[in-house]
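Q: One-letter residues, chain by chain:
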Amino acid sequence: MEVLIFLGLLLLGFFAGRRAEQRHFASIQQRERQTAAVPVLNVRASQDLPPAEYACLFVGSVVIAGDYYKLITGLLAGVVGGAIPGYESLMERGRREAILRMKEAAIAWGATQVLNVRMETASLNSNQSNSGTFSVEVIAYGTGIKGAVPARIPPSIHQ
Amino acid sequence: MTTLEGVPNKVIVQHLGMVQGSTVRAKHFGRDFMAGLKNIVGGELTEYTELLQDARAEATQRMGRQALALGANAVVNIRFSTSSVAAGAAELFIYGTAVRVE
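Chains A and B supply the protein sequences, listed in that same order. First residue of the first sequence? That's 0 in numbering that gives the first Met the number 0, and the numbers climb one at a time after it. First residue of the second sequence? That's 0 in numbering that gives the first Met the number 0, and the numbers climb one at a time after it.
These are computed hints drawn from the structure, not numbers from a lab. One should not assume that every hint holds.
Claimed, not checked - Listed below are several chain B residues computed to face chain A (Cβ distance under 8 Å; list not exhaustive):
{"no.": "1", "residue": "Thr1"}
{"no.": "2", "residue": "Gly5"}
{"no.": "3", "residue": "Asn8"}
{"no.": "4", "residue": "Val10"}
{"no.": "5", "residue": "Ile39"}
{"no.": "6", "residue": "Val40"}
{"no.": "7", "residue": "Gly41"}
{"no.": "8", "residue": "Gly42"}
{"no.": "9", "residue": "Gln52"}
{"no.": "10", "residue": "Arg55"}
{"no.": "11", "residue": "Gln65"}
{"no.": "12", "residue": "Phe79"}
{"no.": "13", "residue": "Ala89"}
We put the CB at the ideal spot given by N, CA and C, even for glycine.
Please construct the entire structure, taking both the sequences and the accompanying hints into account.
A: Listed below in structure tokens is the structure:
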């Protein structure tokens with residue numbers, strides 16, 4: 000009986016998880032195309048700040064959970080070592096989703112660029128070893144800028 | 000508030016030092032139960048996303064109040080950080096440099 004429940008959960012996790020993942024990736028790709036016009040860049044401290052009138056902090060965050068199938072394959076991979084593709088795709092979904100949410104918030108405000116984006120990842124797993132959960136929080140934050148400042152006319156050499 | 004080293008179109012006239020805000024939040028039992036169910040099929044845990052967003056907004060506010068108390072009108076070079084301090088509880092932490100700009 001217990002084996003049946005286990006297999007049932009495994010299959011449910013595999014199919015439902017895969018479906019959710021495919022949908023999520025489709026949504027991410029579509030929204031990434033929609034927001035592609037607003038560039039996200041990291042500028043160095045030595046570079047001049049781009050001209051802008053307004054700047055505002057934007058944060059995008061998402062908590063994403065793995066399914067039962069990923070959890071089991073993850074545990075197995077923990078024995079033999081090596082990459083865990085299930086978790087890799089989970090992290091990728093989380094990161095791209097967090098960046099998108101940040102960008103969407105910035106675009107709603109009217110940003111023309113998002114600068115100095117930083118990312119943070121935190122594991123929300125319980126400290127109890129076999130609580131049977133795997134979830135991570137990913138946040139992306141950056142500064143949206145808007146409002147072009149009229150360029151200063153450089154002083155002419157020839158008077 | 001910005002993650003940049005300065006504020007565009009403004010000049011930093013005074014550095015007022017580092018400011019920070021943090022909050023420690025514990026998980027909610029009901030939410031945790033729902034999250035456990037969600038862990039079978041996978042996907043986003045909306046309850047947790049909201050919980051952490053609220054907590055982060057509060058930490059940001061606390062930092063803002065600290066900056067205002069110092070007489071700052073901007074906070075630059077902002078960074079976020081998260082750490083788990085105890086089982087089922089997390090600290091959300093935000094810090095930056097308070098400055099006066101003109």
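Q: State for each hint whether it applies.
A: Do the hints match the structure? See the list:
Look at Thr1/B: its Cβ gets to within about 4 Å of chain A, closer than 8 Å, so that hint holds up. Checking Gly5/B against chain A: minimum C-beta separation of about 6 Å stays under 8 Å; hint holds. At about 5 Å, the closest approach between the beta carbon of Asn8/B and any beta carbon in chain A falls short of 8 Å, and the interface hint on this residue holds. At a threshold of 8 Å, the smallest CB-CB gap from Val10/B to chain A is about 11 Å, leaving the interface hint violated.
For Ile39/B, the interface hint holds, since its Cβ comes within 8 Å of a Cβ in chain A; the closest pair sits about 5 Å apart. Taken as an interface hint, Val40/B checks out: its beta carbon lies about 4 Å from the nearest beta carbon of chain A, inside 8 Å. With a least beta-carbon distance of about 3 Å to chain A, the hint placing Gly41/B at the interface is held under the 8 Å criterion. For Gly42/B, the shortest C-beta to C-beta distance to chain A is roughly 5 Å, which falls under 8 Å, so the interface hint holds.
For Gln52/B, the shortest C-beta to C-beta distance to chain A is roughly 6 Å, which falls under 8 Å, so the interface hint holds. Interface restraint check: Arg55/B against chain A, minimum CB-CB distance 7 Å, threshold 8 Å, status holds. For Gln65/B, the interface hint is violated, since its Cβ never comes within 8 Å of a Cβ in chain A; the closest pair sits about 16 Å apart. For Phe79/B, the interface hint holds, since its Cβ comes within 8 Å of a Cβ in chain A; the closest pair sits about 5 Å apart.
For the restraint placing Ala89/B at the interface with chain A, the shortest Cβ-Cβ distance is roughly 7 Å, inside the 8 Å limit, so the hint holds.
Of the numbered hints given earlier, the model fails hints 4, 11; all others are met.
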